[in-house]
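K.L.:
Protein chains in written order, with my numbering: chain A, 1 to 147; chain B, 148 to 294; chain C, 295 to 404; chain D, 405 to 514.
Be aware that one or more of the hints could be misleading.
[Said to hold, decoys possible] EDC-like cross-link-like pairs, simulated, lysine to aspartate or glutamate; straight-line CA separation at most 16 Å: (1) 8(A) - 157(B); (2) 115(A) - 10(A); (3) 87(A) - 73(A); (4) 491(D) - 187(B); (5) 301(C) - 332(C); (6) 301(C) - 398(C); (7) 155(B) - 10(A); (8) 431(D) - 163(B); (9) 8(A) - 79(A); (10) 381(C) - 40(A); (11) 321(C) - 16(A).
I should point out that these hints are in silico values taken from the structure, not numbers from a laboratory.
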Amino acid sequence: MNLRNYAKFEFFSIPENIAFARSCVGSFAAQLDCTLEDIEEIKLVVSEAVSNCIIHGYENNPTQMITVMVSIDTASVLEIVVEDRGKGIEDLPRAMEAAYSTDPTRMGLGFTFMKSFTDDMQVDTAPGQGTTVRLRRSFLKNEEALA
Amino acid sequence: MNLRNYAKFEFFSIPENIAFARSCVGSFAAQLDCTLEDIEEIKLVVSEAVSNCIIHGYENNPTQMITVMVSIDTASVLEIVVEDRGKGIEDLPRAMEAAYSTDPTRMGLGFTFMKSFTDDMQVDTAPGQGTTVRLRRSFLKNEEALA
Amino acid sequence: MSLEFKKIRATLIVRVAGEMDMLIADKMRTEIDKRIDDKTIRNLVLNLERVPFIDSSGLGVVIGRYKRITAKQGRMFIVGARPQVEKILFFSGVNRLVPMYKNEQEVINI
Amino acid sequence: MSLEFKKIRATLIVRVAGEMDMLIADKMRTEIDKRIDDKTIRNLVLNLERVPFIDSSGLGVVIGRYKRITAKQGRMFIVGARPQVEKILFFSGVNRLVPMYKNEQEVINI
Ligand SMILES: Nc1ncnc2c1ncn2[C@@H]1O[C@H](COP(=O)(O)OP(=O)(O)O)[C@@H](O)[C@H]1O
Ligand SMILES: Nc1ncnc2c1ncn2[C@@H]1O[C@H](COP(=O)(O)OP(=O)(O)O)[C@@H](O)[C@H]1O
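Chain A extracted, bound-state conformation:
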């Protein structure tokens, strides 16, 4: 599938950059024919994915880098890839369960939100290697789909 637009950004793994990342992706997604509610949901999934890199992937080490890639293809699919080179996930099926968290102070809803507000979620991870979360959401309008 051909790309209509693509952007990649890398930034320090500090909590200030969660709002930065969601606002960047939100502004990128605004090119799509979508509602403010869509944008809010996209910001939510970005917030969850980037928070996870900071808290779990890098265990709050502020000197690491997080990478976010966003693209829109010619079929109006928005793809968001969030990547850290941190700790990785030991038990991925377990981690993706709703309400499961390795941190007792957290809700365990990050992956649930990411899954619920996108059409497709893929997680690539290996202990000690880092984690890549790939989220896709289609904005193809019905008329376009029939054309």
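Given the coordinates of chain A, assemble chains B, C and D with the ligands onto it according to the supplied hints.
P.N.:
Chains B, C and D with the ligands only, in chain A's frame:
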């Protein structure tokens, strides 16, 4: 000088990304203790620098990449670096003159705005190699400066 | 993010302004707990009128305060949640634990 | 970006909504010129009330229309510029060529 925050982003050289770039840098700069007017001025200089990459650097070729780096150091200096690997500038002193443009339909005010709304502008360019514009603006408050 | 506190007898009203994410979670937790640990406080009203965004880290702050308040036999309410925040509160089931109202007056009237 | 047109005798009013940068410059130029090239139009009023941002590409559109209008002995006005847009119009000296007013009514009254 140590960095308090740093982000780098790369994106397609298409006009849609001018608004994207200024909104990203604006949201990054919002971490500083600054006014909405400061943010508006920062967005303006980013808009000028990125437009130049698209129009002049890449002569509207949409398949090229533009890089923007932003950082805030411990002395509250915001640095914005905008870079293309395009055509480069033959006569830089001339190009920086107010109202000078190689394109008769344009105003020749881009560099003037970038210089006027920052504390420091440096341009690195070579014909056929591309252009790097480095803009710095200090947000050190007077109290901090005296401390 | 900013917090404004108001005490009405045994009830603490907290008016939050700003996006509720991980960046502000710690500060919010500390600031609120400092006040609800006070013996004269039993109930908590969280006013979210000026909260344009909440994610699971923000929800964690809400649930955490709920546990603390119920542990001391008090009651907690949320008022003024905007549609996008309300959606997340419903989606996560927080509304089944913490009753939600339009504004502070509605809670005071009950 | 969207444009709304209104014709009052020999005057064309253009109400712009959106950020005026390079992305929209071409479209704005074409859409406006198509209408001011009409023989019955002499004057142009650019309403910038709903323009939150302008850069030098946007200024280029303004100046270009000014040249076209004066070439046909007409007059051009800008109305409703917000402070941040007004600043750029002053900074670049556009205000010395194109008189600026608060709103459409002020221009109609002159
Ligand atoms: N980027 C990551 N790096 C390492 N571990 C992660 C990452 N993302 C998620 N995890 C693991 O998956 C678990 C579930 O994640 P999530 O559903 O987002 O809930 P929460 O963040 O509240 O713990 C986390 O507790 C953590 O152990
Ligand atoms: N990134 C760039 N690559 C190549 N040439 C550039 C670049 N930026 C500026 N220039 C040259 O410098 C000139 C002046 O730039 P500027 O002051 O921004 O005015 P304008 O964009 O209106 O021409 C341009 O006309 C162009 O020839």
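K.L.:
Take the hints in turn and mark each one as holding or not.
P.N.:
Each hint, compared with the structure:
no.: 1; hint: 8(A) - 157(B); in the structure: holds, 5 Å
no.: 2; hint: 115(A) - 10(A); in the structure: violated, 23 Å
no.: 3; hint: 87(A) - 73(A); in the structure: violated, 31 Å
no.: 4; hint: 491(D) - 187(B); in the structure: holds, 11 Å
no.: 5; hint: 301(C) - 332(C); in the structure: holds, 11 Å
no.: 6; hint: 301(C) - 398(C); in the structure: holds, 12 Å
no.: 7; hint: 155(B) - 10(A); in the structure: holds, 5 Å
no.: 8; hint: 431(D) - 163(B); in the structure: holds, 13 Å
no.: 9; hint: 8(A) - 79(A); in the structure: holds, 11 Å
no.: 10; hint: 381(C) - 40(A); in the structure: holds, 11 Å
no.: 11; hint: 321(C) - 16(A); in the structure: holds, 13 Å
Going down the numbered hints, you'll see the structure goes against 2 and 3, while the others check out.
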